[in-house]
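Engineer: Listed below are the residues making up each chain.
Protein chains: 2
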Amino acid sequence: MKKLEKKLAAGPVDFDSFFSQKALRMKASEVRELLKLVETSDVISLAGGLPAPETFPVETIKKITAEILEEHADKALQYGTTKGFTPLRLALARWMEKRYGIPMSKVEILTVAGSQQALDLIGRVIINPGDVIVVEAPTYLAAIQAFEYYDPEFVSIPMDDEGMRIDLLEEKLEELKKQGKRVKMVYTVSTFQNPAGVTMSLERRKRLVELAEEYDFLIVEDGPYSELRYSGEPIPPIKHFDENGRVIYLGTFSKILAPGLRIGWVAAHPHLIRKMEIAKQSIDLCTNTLGQAIAWKYVEDGHLDGHIPKIVEFYKPRRDVMLEALEEYMPEGVTWTKPEGGMFVWVTLPEGIDTKFMLEKAVSKGVAYVPGEAFFVHRDKKNTMRLNFTYVPEEKIREGVKRLAETVKEELKKL
Amino acid sequence: MKKLEKKLAAGPVDFDSFFSQKALRMKASEVRELLKLVETSDVISLAGGLPAPETFPVETIKKITAEILEEHADKALQYGTTKGFTPLRLALARWMEKRYGIPMSKVEILTVAGSQQALDLIGRVIINPGDVIVVEAPTYLAAIQAFEYYDPEFVSIPMDDEGMRIDLLEEKLEELKKQGKRVKMVYTVSTFQNPAGVTMSLERRKRLVELAEEYDFLIVEDGPYSELRYSGEPIPPIKHFDENGRVIYLGTFSKILAPGLRIGWVAAHPHLIRKMEIAKQSIDLCTNTLGQAIAWKYVEDGHLDGHIPKIVEFYKPRRDVMLEALEEYMPEGVTWTKPEGGMFVWVTLPEGIDTKFMLEKAVSKGVAYVPGEAFFVHRDKKNTMRLNFTYVPEEKIREGVKRLAETVKEELKKL
Chain A
1 MKKLEKKLAA GPVDFDSFFS QKALRMKASE VRELLKLVET SDVISLAGGL PAPETFPVET
61 IKKITAEILE EHADKALQYG TTKGFTPLRL ALARWMEKRY GIPMSKVEIL TVAGSQQALD
121 LIGRVIINPG DVIVVEAPTY LAAIQAFEYY DPEFVSIPMD DEGMRIDLLE EKLEELKKQG
181 KRVKMVYTVS TFQNPAGVTM SLERRKRLVE LAEEYDFLIV EDGPYSELRY SGEPIPPIKH
241 FDENGRVIYL GTFSKILAPG LRIGWVAAHP HLIRKMEIAK QSIDLCTNTL GQAIAWKYVE
301 DGHLDGHIPK IVEFYKPRRD VMLEALEEYM PEGVTWTKPE GGMFVWVTLP EGIDTKFMLE
361 KAVSKGVAYV PGEAFFVHRD KKNTMRLNFT YVPEEKIREG VKRLAETVKE ELKKL
Chain B
1 MKKLEKKLAA GPVDFDSFFS QKALRMKASE VRELLKLVET SDVISLAGGL PAPETFPVET
61 IKKITAEILE EHADKALQYG TTKGFTPLRL ALARWMEKRY GIPMSKVEIL TVAGSQQALD
121 LIGRVIINPG DVIVVEAPTY LAAIQAFEYY DPEFVSIPMD DEGMRIDLLE EKLEELKKQG
181 KRVKMVYTVS TFQNPAGVTM SLERRKRLVE LAEEYDFLIV EDGPYSELRY SGEPIPPIKH
241 FDENGRVIYL GTFSKILAPG LRIGWVAAHP HLIRKMEIAK QSIDLCTNTL GQAIAWKYVE
301 DGHLDGHIPK IVEFYKPRRD VMLEALEEYM PEGVTWTKPE GGMFVWVTLP EGIDTKFMLE
361 KAVSKGVAYV PGEAFFVHRD KKNTMRLNFT YVPEEKIREG VKRLAETVKE ELKKL
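Residue numbers (the UniProt record's numbering), protein chains in the order written: chain A, 1 to 415; chain B, 1 to 415.
Extracted from the complex, chain A is given alone in its bound form (with noise of 0.2 Å):
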């Protein structure tokens, strides 16, 4: 670290002076880097956004790919498509079909470097400087930084146990049109929300469609974490209601496969489709196709559907865990979300406590967490923090948990 700082501060040119202004804005999140620091220490973190790696279908994939090294070696290793490995983009539109009733008509596959890129392309081909865009309040951080870059105006909605608030969407669109503005596009984690943990309701998820109708916008719906369904009854995506080719649907194997892969994949309308290939043609030329050419025979040999149930069955005792953890050791006047699903679990405490001066102490009790100001795309609640419960095992979940319940106490005396 010393060195590196040496290094940077060294030598008799300015570097600063090449920068772009968009880049001179880019700055690293000093979250972040307290958030490495402790990755390597004793600290329990329930901060991280990771897959559990004992959930990785290894023997699968080795056989798999084994198999496409020994029979596809020369298209797997080669440059792809820019719009994707054409065996995984149909195997993709069967599975979605058959999982949420999305015919493989109405939709386009582009096969994208994890849903990440999507969000960027999106960013690319959607936003011009100051376009509103409608996103949750909290919203997914990546996504927000994916697509501050384009610099457009964010609103943001507020969500409660049903997802986003669709009412006051609507009330705020309806203000919006007043003021002469058009809404291009609403963001949604519509499933076992990223910080939250909510989901969208059905009912909610029609009328969303029926106002992009009325008002004219696009819905780009983010799904990496439907498939982790612990208790409840699914829900179609919201792309299943969608007639018009409004909807633009982003998947990812990172959730149900293995995330080192890189493999996320877009369906949408192909006019959308074709600009976001365009697109990306310049960005990285196409996915990496030995990854693609995995994800194929994982879906198309039907892995998939076998191995969901698997990591359905190992992550459900970690959020029961959590979910009783701070049932037991959390002081009154603090409330959290209790997923189905997903991989976190939102905790809001009394107004007054600001979680992000609070971490250094959680940290120095033993605990680390993402304070959740940074999900807010006006940073304006300070009260809130995101726990994930997939990768850290259940011991270490309950005293994770009553760790932080012991200095939300501390803080709580405070006030």
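You may find that some hints are simply not true.
No distinction is drawn between identical chains; accordingly, a pair holds when it is met within one copy or between any pair of copies.
[Claimed, not checked] Below, computed lysine-lysine pairings styled on BS3-like, alpha-carbon distance capped at 27 Å: (1) 22 <-> 177; (2) 106 <-> 36; (3) 206 <-> 396; (4) 402 <-> 83; (5) 177 <-> 310; (6) 178 <-> 396; (7) 409 <-> 22; (8) 184 <-> 22.
FYI, nobody ran anything at the bench for these hints, they're computed from the structure. The structure displayed is predicted, hence computed values, not measured ones.
Put chain B on the given structure of chain A with help from the hints.
Structural biologist: Quick look at chain B alone, frame taken from chain A:
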């Protein structure tokens, strides 16, 4: 195709109204579309830019991949850091020190999704709209596309058999300085250039670095083909002569291992790498880890150094046959470069022939090439073309060049 167009036309949503200004400007290349059709026909295509799959070290990759999935699956299938898989970054730094005499202590390594992603990242962190950047005439097509998105003012410098005309660059720098304009960076494919096949001489490399100091600019050295030398003596990369960190070196495994892994790297001053790393975070979080792990073992265990001579041995006869066939069949007035390595020969026809118009005729005669126009940022040269000699077997190269020569002769008659 027809079905897709029908889909594109139909529907009540005016998708174009959602696109950003920059997205509306993005167009698919007509030539690319034509060449796509060619790929499935009997036409001999000298248009591609693909390595031959016969050069992929499939058995080594099988072995390495099995080992990785046996011993390191938890890491190789997990999210990695944005900067890249540390063992690979170290192995590359060591390899570059040994092979190119670039001290490890002077560079930081960032791994990327193929060097194409590095071009986009460089555009993102360096180019403000209107910034002057210098490229070669002709230059790598996809670099133009990557940089163009960020709205630079392109200045292009002609080349000869020793690469970029550094004397003309100096004149231009002086002229721009007098106009109060600063050149921010010079982009060069220094060795076996794409598309021209030529290599910048040792003397010019040194002079370019001096000029960078004198006129205060950065150099982006793109080195995808530098290991593919079939004759002549190796020349150190420009980065070798860089004292102060002005050279950003781009490397890739696409031509020395397999492009389907999409693994490239940037070697540059830590201050520049840090900014690119932050920019990459919102673009794709990290480069695919499995591919990075494969590349790591490939370098670390010495396979890379062992395999390069085999690739060279495979391509050399193809280059030789292409040069012989050009000599044998091309009419007077046609000239071409004599590359000592790489993948491409650059052909210049007599003035008055437009290779873009000639392409359809060539295809009807059973041969395809890439018209040179698109490799010039100002699209001001019509009588050039790029021929690839790595993908097609020797006998087809000979036949392809013969067909091409016939096409050219017919065109010449019309002049």
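Engineer: For every hint, state whether the structure bears it out.
Structural biologist: So, going through the hints one by one against the coordinates:
1. 22 <-> 177: between (30 Å within a copy, 25 Å between copies)
2. 106 <-> 36: Between. Shortest inter-copy distance 24 Å satisfies the 27 Å Cα cut-off; intra-copy 43 Å does not.
3. 206 <-> 396: Answer is neither; intra-copy 40 Å and inter-copy 58 Å both fail.
4. 402 <-> 83: Classified as neither: same-chain Cα gap 48 Å, cross-chain 34 Å, threshold 27 Å.
5. 177 <-> 310: neither (47 Å within a copy, 65 Å between copies)
6. 178 <-> 396: This pair counts as neither: shortest intra-copy Cα distance 52 Å, inter-copy 66 Å.
7. 409 <-> 22: neither (41 Å within a copy, 52 Å between copies)
8. 184 <-> 22: both (22 Å within a copy, 16 Å between copies)
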